[in-house]
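All chains should be modelled from the sequences, with the hints used to inform the complete structure.
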Amino acid sequence: MGPITPDLADAIESLANTQILLVALDFDGTLAPLVDRPEDARPLPAAAEALTELSKLENTITALISGRDLASLRAVGNPPEATLLVGSHGTERWAPEAFGAEDENIDLSAAQESALAQATSILTDISAAHPKTTLEYKPASIVLHVRQATPAVASAALRAAHERLEGINNLQALDGKAVLEASVLAGTKGDGLNWLREVADASTVIFAGDDVTDEDAFAALRPGDIGVKIGSGKSKAQFRLNGPGELPALLEMILDMRSL
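Each residue of the sequence shown is one higher than the one before, starting from 29 at the first, in the numbering used here.
By construction, these hints were calculated from the structure, which means they are not laboratory data.
Glycine residues also receive a C-beta, built at the ideal position from the N, C-alpha and C atoms.
Please note that the accuracy of each hint is not assured.
Okay, the calculated beta carbon distance ranges per label pair [claimed, not checked]:
no.	residue 1	residue 2	range
1	Lys264	Ala103	23 to 33 Å
2	Gly273	Phe127	48 to 58 Å
3	Glu141	Glu226	26 to 36 Å
Laid out in structure tokens, this is it:
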């Protein structure tokens with residue numbers, strides 16, 4: 029059984045005969061371990077292999093939902109060809125042509141570009157003043173990373189960021205694990221999961237994620253769906269795994285159930 033509890037195993041077993049199953053995963057902290065530099069993240073080989081095999085099954089649809097923009101997600105995740113993608117916290121969406129879905133791309137207005145420029149200037153100043161904090165640049169947001177900083181410096185940097193970003197129109201601040209993201213697009217992973225469900229025409233969804241922003245996706249799950257929290261922390265998910273290293277066991281069990 030390994031890391032899979034009897035209750036989770038029973039829930040997975042119930043997926044064997046669902047008509048169309050959507051298996052949707054967060055990337056960082058779920059499919060891939062968290063790392064200091066976002067560009068260094070890679071999926072665990074066993075998890076990537078299981079995801080690829082799942083994507084080949086009939087009536088089983090795979091998807092990644094990430095806070096990363098799609099270009100970054102493709103670069104580090106190397107997702108299977110048939111896997112649907114949702115990036116930038118639900119605001120970027122892509123599906124293979126066979127699904128007949130309309131992609132969602134980032135196209136900022138002048139007001140959004142102005143807000144992003146203000147946020148970039150503010151977080152650049154804050155990062156320069158707080159050692160070992162770094163910035164990540166995305167098409168519609170800028171992210172302050174504090175994982176490498178001391179706890180005191182990290183806390184001060186995040187507090188200063190919230191204070192100085194407050195009041196900027198067309199901007200939302202998203203808290204994550206040792207990050208603060210200032211985005212000019214309003215979207216959630218719950219929105220992304222709902223889009224995936226519709227595009228896949230899924231009868232049942234299983235979603236796994238680790239971060240605060242994944243709670244919006246857990247909240248979008250319906251009766252009969254399965255939510256799996258990766259790691260510690262309060263969550264709306266019914267089930268939990270201790271870390272990304274336990275995800276392959278989950279994916280392999282789903283693969284076994286759907287291959288019967």
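Status of the hints after comparison with the structure:
| no. | hint | in the structure |
| --- | --- | --- |
| 1 | Lys264 with Ala103: 23 to 33 Å | holds (30 Å) |
| 2 | Gly273 with Phe127: 48 to 58 Å | violated (32 Å) |
| 3 | Glu141 with Glu226: 26 to 36 Å | holds (30 Å) |
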